[in-house]
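Peer 1: In my numbering, the protein residues as written are 60 to 816.
Hint data in this document are derived by calculation from the structure and do not stem from the laboratory.
Computed list of lysine-lysine pairs in BS3-like fashion (alpha-carbon distance at most 25 angstroms, straight line):
#1 Lys346 x Lys395
#2 Lys106 x Lys72
#3 Lys346 x Lys382
#4 Lys287 x Lys395
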Amino acid sequence: MGRFEMWRRRIGKALRLMFPPRPLRRYARLIAKRGAFDARFYRREHKDLHWSCRLWARHHYVTWGEQMGLRPRADFAPEEYLRLNPDVAGSGIPPLMHYLTSGQGEGRSGQPCHATRPLPSCPLPRLRFDPGRRKARFALHAHIYYPDLWPEFATRFDEIGDGIDLYITLTWRGEETRWLADEITERFPHAFVTPVPNRGRDILPFLLLANAGAFDGYDALCKIHTKKSPHRDDGDQWRRHLIDGVLPATGLQERLQHFLADDAAAFWVADGQAYAARDWWGINRDKTGAVLRRVELDPLLDALRFPAGSIYWMKPLMLGMIKALDLDAPMFEPEKGQVDGTLAHAVERAIGGLALAAGQEIRETAALMRPRRAGHSGAPALRAPSFVSAFYLPQFHPIVENDAWWGPGFTEWRGVVDAASAFPGHLQPLRPADLGYYDLRATEVMSDQAALARGAGIDAFCVYHYWFGGRRVLEQPLDRLLARPEIDFPFYLCWANESWRRNWDGLSGEVLLDQSYAPGFEAALVASTLPYMRDPRYQRPDGRRPRFVIYRPEDMPAPEQNIARMRRAWAEAGIGPVELGAVSFHVAGKNAVDPDLFDFWVEMPPHGLVKGEDFLFGGSAGNRMGGAGPAPGFAGLIYDYHAIAARSLTPQYRDRLPPNTIAGIMPSWDNTARRGPRAHIAHGATPASFRNWLRGLCGGPLSQSYRGELFINAWNEWAEKAMLEPSTRFGRLYLDVLSETTALREQHHDDRTSAHG
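Given only the sequences and the hints, what does the whole structure look like? Please build it.
Peer 2: Written as structure tokens, this is what we have:
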């Protein structure tokens, strides 16, 4: 071939690369529109391509690359697609074009599958861990799929030394796995070692341990695995980089302390391993959304970042949220060498959404170790609440009135058990865990509740006082408590002065028990409170005055005169001054109340927080949830928990609250148990979301709260899913989140003590 001909061909090839024929240009545009081409992957995997081909990577693929069998992205192999679909091979249609135009909708797969010998099966281990066993501060889970990498991992474990409990899972390969397990146990006698079937990559083995309680009670947990990534030519280097970043040979303890002290860090990964999901979806977006939908967090899908490579440290809240996904073995696909698109790949990305919900980040090593001076962290200093109250419902025991209205033996638990999910991922029913379906006639339950609350930093229960013109209901729990002085149950009363109605909202429907205000009701009401106020457990948050709250002061016939008579009656009874508060309700009552009439007001979310733009379903915009919305027949309202949490922190909202308002928060809200298809639901309420809201309050509005206090709605409103008590889905996470914040009291006390020497 002459030199002229050679140059002519080169120029022709270059022009074809830059300006391919019209059909190929349309094909290239289709690929771009569908996000089916990963230029970074293409250049990285095909490094021998000429620089011009790497520059015009997508054009190169449609012009020559696909015919050469080159992959356009990690999760699609043209040759594999043609092998699995001989009808396409005979049609002459380019494999990726067929996949995008029809094959994907038909459920065809083009994933590259690496040849692996079939592994023998083994049963899933049946695991249970004693929560009271002796533990180190930190735990490490290593999944060993490639036995030949065990020596590398063993050396690493020797380097990090003691102080970390080892949990090791081994993909079952028969006798060789048994021998390896013996070798590991001999070298690390205190490690927990178990074989697992070849399913769910490194994710399912981790979940088997996590769901069995293996990692509960640790300050932090590290997750690693024998990663080779055979679809990458730098697999070994990537693995070593991932592990070196989180398990350095020296300085690990110092880095762990930085990680724990970093309030905004949920996960710690090696440098460069916090990926923006929008750039790395592959074919995982829909499955990732389905995973997050299991805890109502799918709206966060496109904003999340995730720890690539599935090697990281995590904090306990993230562990608890991963457990709350409630994933088990049958959900994971059989292993066929897939490099993308499995549930394991979706979980890898979804955990970034859990961090985002909590207002936290994926922290890389360099950023983790960067000095953070006080006031320069980018977030306001957090203030611990001076006193924490939680509304308490004493309804959980049978009474004759409920027997007559709702059937023999009725309590709130009946609705809780029967609550039905209204939309995909709806967290209903939510069932109690540690305390079970308790009966408050057993006063020991109140002792257990108080112990849980005390551990979370709650100072008092604000117990609803049901008094209807001299008629008391639901009084048994507190009356039995008065006879048990040894039970440390701190409380004060809130007069729930709404009429009881059949539709449960207190505002409309058939009246079951009317709230009347006959002349002299003030003195009679005060008389009903005296046995409680004289109990030493009745709370005086200011150190002097017993506290009393009125739920709906606007419903009283003459609020100013009624309150004056009540104060006088308490004084005449020898109680003295009473610290009187009222709930800041969202619906105007019959009679206006001067804000100065009460010593304080209580902010009680969701009252007054939900606006039209917050509705995901049932508002003026209709169904904004798309296919993830409720089925036909649902006539309730669904609004965004994250949106109302954000609104509660704004000056515009807080300036409209009465002066001397105690800042309020709710862990969740969903009255499906009471109202069924007419329920009002706060979508996305989880312990992670609660943490984000709580930290926002403590970083600002709490400083203007009455006496720096915090009020929580509620401790145990199970039928409204407004509760802090442990559930089977979230365990004690709500209490753990609260205790993380209230612990700042001790930290600030220690800081002041140190400052004053």
